[in-house]
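Undergrad: Here the structure of chain L is known, so what remains is to put chain F in place on it, guided by the hints.
Take a look at the letters that make up each chain.
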Amino acid sequence: MTEKNKELLRVENLKTTFKTVRGTVTSIDGVSFSVGKGEILGVVGESGCGKSVTSQSIMRLYDEKKLVTYEGEIFFNGENLLEYSEKQMRTIRGNKIAMIFQDALSSLNPVFTLGEQISEALMLHQGMKKKEAMVKAEEMLRLTGIPAPEKRVKCYPHELSGGMRQRAMIAMALCCQPELLIADEPTTALDVTIQAQILELIVKLNNTLDMGIMLITHDLGVVAQICQRVIIMYLGQVVEEGKIDDIFDNPKHPYTMGLIKSIPTLNTNRKEPLYMIKGTVPALGQEGGGCRFCDRCNYATDKCKNTPPEIMDIGANRKVRCHNYSEITKL
Amino acid sequence: MKNTEKGIGKEAIRESRKLKLKIFMKNKLAVVGLVITILIVFLGVFADVICPEGPYVMDIAKRYIEPCGEYIFGTDKMGRDVFARIVYGIRISLLVGAVTTLVTFIFGMVLGMIAGYFKKVDNIIMRICEALMSIPPVLMAIALMSALEPSITSVIMSLCIVYTPQIARVARGATIAAKENTYIEAATAQGASSLRILLHHIAPNILSPVIVQGTYIFATAIILEASLSFLGAGIPAPAPSLGNILYEAKEGIFTANWLTIYPGIAMVLTVLGINILGDGLRDVLDPKSN
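Line by line, the protein sequences give chains L and F.
Residues in the first sequence are numbered from 1 upward in steps of one, following the working numbering.
Residues in the second sequence are numbered from 1001 upward in steps of one, following the working numbering.
Keep in mind the hints are simulated off the structure, nothing from the lab.
Cβ coordinates follow ideal geometry from the N, Cα and C atoms, glycine included.
Hints are supplied without guarantee of correctness; some may be wrong.
Said to hold, decoys possible - Short, incomplete list of chain L residues facing chain F, as computed with Cβ under 8 Å:
1) 94
2) 109
3) 111
Just chain L, with the same shape it has in the complex (with noise of 0.2 Å):
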């Protein structure tokens, strides 16, 4: 139990801005969590919330593409990062850190057989052979549950259905046994049977492979089933993060309290309109210089219009960034 505890990832005030045509944008703005060894964190947020580009952050995926800043630091088992050459992240990228992206059919090269692209990793940064390597993404694919994995590995992506594709992803991720994975929205796209299908299997190579996950959804069912801690965003800030009874029993923020209370239950009255937070989230530079979920929230006073809230350590593991947590109980 000690060894799950220990820090395998720790974001600090992470801040990514990107230079576009109609000027600088901050698209996350002083991030700060850690993902323990064998620990699955949940990350969960409205679209839009930064949630993609903490992670591609953290793996520093945008710096070929986009004319991007990152500002704070991020350590990975006690280096930052940041501070690597592009060359050393390739290092990392696939072999330390590996990612499984929302959509299987466009995540995966439609003119490659899932074996070529499964094994490009182990290639790379184990130095196999490709007949090897072959051997291997078949086992892994076999891991995954594919059914008749012999076969798969010679299937292109489009001969797939989106569980078998998603599977397929997964074990691209995973062949190289990856310290930790960062899985953005792995089941999205998928229905409810594959998801729970995804999640389980998920699951069970954190328990067996020992890696830590990060898990980015925004589907809050999902986090309860899986989730040890979650960490809360909204407009490119954490504004709560707990340990995943203490957020689900006792929410502090006015947003996670909304997210919370929209889910459908088989309680809910279904005469009644479903509850949503009022409004969407702002564009990005639109936020005015108070709590950036002022406008939507139903408790903002003229402290949360003008001064921006911090983020507060309020004992127990959690942190919520709101002035009056304290006197909102509930919706």
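TA: Relative to the frame of chain L, chain F by itself:
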């Protein structure tokens, strides 16, 4: 694997190729193009078997003989066999077209992929390409030829300079579209370097539009070579090319019309055959047309 099962992976690709061949064979026009092209290529490749005496044998006593049993396409003003000159001319024209296509393909792909992938050099490469493309191809080629020594190599070189920007432009556009795909991001996340992504992930995905452009260049390069030779700036005499045979024939256009008619027909058939074949191939290769 059991025979009853439908193939998967590479096997399925092979099966679909067979199917595509069937579809292609049903397209009568394309088959005609294929037959013409095969015939022309056959003539070009086996020129020295078909006409072992070569295109240079002169016999002043036999000038301007009309097409007859011995000289099926007649003879020219120096008594050379027109048929032999056409056959060897086809060989040179095809050679020029093929080498130009190959070289422009390689350089165009490299330049286009670099420009499309690395934003920093995009402007430099593409502005140079546009500058080259802004000059009409014939003028550009004549200007280059006047600077170079007249030879087949020079003709190929100037055609390559004329056509490389066209391939580069197509390759760049396709690269820009391809690199936005998530699978490129996924490959980066696997730890692949930029070079590996370009060669291994982007190149195979942009091949089809570039190949289509390549067939077009093959046909136009033959025409441009003929135009250059016709203007006297191309393949230097006495080596025959379809262009300079016509150039030499223009003096006798009214008195010895076989000198222009047969090389002209050969020229038309060559380019037409390749174009029809290219169109047919495009219909089969383009998944949207099925």
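Undergrad: All hints, please: hold or fail.
TA: Hint-by-hint comparison with the structure:
Given hint, residue 94 of chain L at the interface with chain F, holds; its Cβ is 4 Å from that chain's nearest Cβ, closer than 8 Å. At its closest, the beta carbon of residue 109 of chain L sits 4 Å from a beta carbon of chain F; the interface hint therefore holds under the 8 Å criterion. Proximity of residue 111 of chain L to chain F holds as hinted, the smallest CB-CB distance being about 4 Å (cut-off 8 Å).
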